[in-house]
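Use the sequences and the hints to build the structure in full.
Spelled out from the first residue to the last, the chains are:
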Amino acid sequence: MKKSALPDPFEQARLEKGVGHMDDQNDPVTMVLGLKDVRKCAHKWQTFQSGAKPGRIVVPSEVAIRETRQIPFEVDPPEHKGFRDLLDPWFKRPLEPEYQDKLATIIHAVVEEALNADEVEVVEEFSLRLQSRALTLLLNIPYEEAQTWISWGTHVFRSEGESLDGDKAAILYDYIDAQIDKAAENPGDDLYSVLLNSEVNGKKLSKEEVKGVMILTFAGGRDTVINAVTNSVAYFAEHPESLQRIHDEPEIVNTAVEELIRYFAPLTHMGRVATEDTAVCEHAVKADTRISLCWASANRDEKTFPNPNEVVLDRKVNPHVSFGFGTHNCLGATHARQIMHTLVKTLAEKVKSIEIVDHQDNVEVLGEFNRKVGFHALNVKFTAK
Amino acid sequence: MAKITFITIENEEITVEGDSGNVMELAVANNVAGIDGDCGGVCSCATCHVHVDPAHVAKTGEASEIEQDMLELDDNANEYSRLCCQIQVSEQLDGVILRVAGDE
Numbered sequence: 001m002k003k004s005a006l007p008d009p010f011e012q013a014r015l016e017k018g019v020g021h022m023d024d025q026n027d028p029v030t031m032v033l034g035l036k037d038v039r040k041c042a043h044k045w046q047t048f049q050s051g052a053k054p055g056r057i058v059v060p061s062e063v064a065i066r067e068t069r070q071i072p073f074e075v076d077p078p079e080h081k082g083f084r085d086l087l088d089p090w091f092k093r094p095l096e097p098e099y100q101d102k103l104a105t106i107i108h109a110v111v112e113e114a115l116n117a118d119e120v121e122v123v124e125e126f127s128l129r130l131q132s133r134a135l136t137l138l139l140n141i142p143y144e145e146a147q148t149w150i151s152w153g154t155h156v157f158r159s160e161g162e163s164l165d166g167d168k169a170a171i172l173y174d175y176i177d178a179q180i181d182k183a184a185e186n187p188g189d190d191l192y193s194v195l196l197n198s199e200v201n202g203k204k205l206s207k208e209e210v211k212g213v214m215i216l217t218f219a220g221g222r223d224t225v226i227n228a229v230t231n232s233v234a235y236f237a238e239h240p241e242s243l244q245r246i247h248d249e250p251e252i253v254n255t256a257v258e259e260l261i262r263y264f265a266p267l268t269h270m271g272r273v274a275t276e277d278t279a280v281c282e283h284a285v286k287a288d289t290r291i292s293l294c295w296a297s298a299n300r301d302e303k304t305f306p307n308p309n310e311v312v313l314d315r316k317v318n319p320h321v322s323f324g325f326g327t328h329n330c331l332g333a334t335h336a337r338q339i340m341h342t343l344v345k346t347l348a349e350k351v352k353s354i355e356i357v358d359h360q361d362n363v364e365v366l367g368e369f370n371r372k373v374g375f376h377a378l379n380v381k382f383t384a385k
Numbered sequence: 001m002a003k004i005t006f007i008t009i010e011n012e013e014i015t016v017e018g019d020s021g022n023v024m025e026l027a028v029a030n031n032v033a034g035i036d037g038d039c040g041g042v043c044s045c046a047t048c049h050v051h052v053d054p055a056h057v058a059k060t061g062e063a064s065e066i067e068q069d070m071l072e073l074d075d076n077a078n079e080y081s082r083l084c085c086q087i088q089v090s091e092q093l094d095g096v097i098l099r100v101a102g103d104e
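From first to last, the protein sequence lines stand for chains A and B. According to UniProt numbering, the residues represented by the first sequence are 1 to 385, in order. According to UniProt numbering, the residues represented by the second sequence are 1 to 104, in order.
These aren't lab readings, by the way, just hints derived from the structure by calculation. Incorrect hints may have been included.
Residues on chain B that point at chain A, a partial pick, calculated with CB under 10 Å [claimed, not checked]:
#, residue
1, 36
2, 38
3, 41
4, 43
5, 44
6, 55
7, 57
8, 64
9, 66
10, 67
11, 69
12, 70
13, 72
14, 74
15, 80
16, 86
Far from chain B, some chain A residues (derived; all Cβ distances over 12 Å) [unchecked claim]:
#, residue
17, 139
18, 268
19, 350
For glycine and all other residues, C-beta sits at the position ideal for the given N, C-alpha and C.
Structure follows, in structure tokens:
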């Protein structure tokens, strides 16, 4: 099997039962596996709530390490809409040409650095740098700030061998507290200041609410973007003809990006808490227990996707759920898509070949399933055109 | 060239002409409010939802099964709903009227 392949561990359970099960710190999760079922459950926010105890809808659960409610994704309608109405225009700025030019400059520089090095460890030296530098645009703060986030390493929320680490998470939370205080004293045109001066649902955002938005912005777009970028580099290393094809047929960049995002599904799943006794695929789900919407499994649903385990760069109809579905679909999707578009175009333009020297898979253990989501480390050599 | 008329949520009427690509691309290129096309036209985001004027349904044809599955869970969907990324621009569309469906 190719090193860049992400196998589908859910196929049999999806076909036979429609659900899977995992234990998560004594708070079990029923994983919903089929595309239609995932969509239906995501749509039924009254039955499958996001506004549960902070940290509980995340799998692995973060209830033990945080009390701050992440906003808007841990808020249900109708309050949710006010937050999205405030945040959506800001998070759509990546559609503006000026933003895109700045992003292209950042990505060109990261690719040039890689081309000039003998060897690159992609996770730390390519993807983390790219993601951190691009995040300064989304936050509208100076580029230099990225260096702080890069210095944290890829694992802000976890240590080696542990799923979660409260001490490490505190680094991010303390940092955000300090940035909020700084913006309160000296307001600017950055996201912190904008949020501090905004009203939602008729009242001004509290510092705690601003913190909730900022934690989500940092956490939600970190591992996910790093995985998408790293997996893309690995894929192009093993499929040089794909990179050449995108170079020759630039009109397929959009379908190629959506397909890579479908195939990688950088976030495996996201939980919800049942508000009443209900059922998924005829399996009972009791009130106050958790389900998860397994985007990674839904994206390989053979009922919708022909050849689901192949990357088909010009797949025209591609109703994947890598950015979620329904009310809580990914706030950062526009930024993430723009990163991937620019990256894929830049690689196709500048890179002749990529050779994988060494790799260490990142495999998630989810009860009965082991899912490769990306790499802990990926050493490659880039060759310029 | 086909003339296509969009009616936005604010009741603004925008008539555009096109001869290739899909209707979502045409709408985005002409800044039709309420048509975002976040996924670029692969039937994944449902941000290009329109209601086809009942008199013009024959021009657009019906939604595919995959498209219907997307629309099924949109609170604002009705029997005239289409994702306009799934409608190809052609002479057959000439004169069609599409109402932007917008949020629920």
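Right, here's what the structure says about each hint:
no., hint, result
1, 36, "holds (8 Å)"
2, 38, "holds (6 Å)"
3, 41, "holds (7 Å)"
4, 43, "holds (5 Å)"
5, 44, "holds (5 Å)"
6, 55, "violated (28 Å)"
7, 57, "violated (21 Å)"
8, 64, "holds (7 Å)"
9, 66, "holds (6 Å)"
10, 67, "holds (8 Å)"
11, 69, "holds (6 Å)"
12, 70, "holds (6 Å)"
13, 72, "holds (8 Å)"
14, 74, "holds (9 Å)"
15, 80, "violated (20 Å)"
16, 86, "holds (8 Å)"
17, 139, "holds (21 Å)"
18, 268, "holds (18 Å)"
19, 350, "holds (23 Å)"
Hint check: violations occur at hints 6, 7 and 15; the rest are consistent with the structure.
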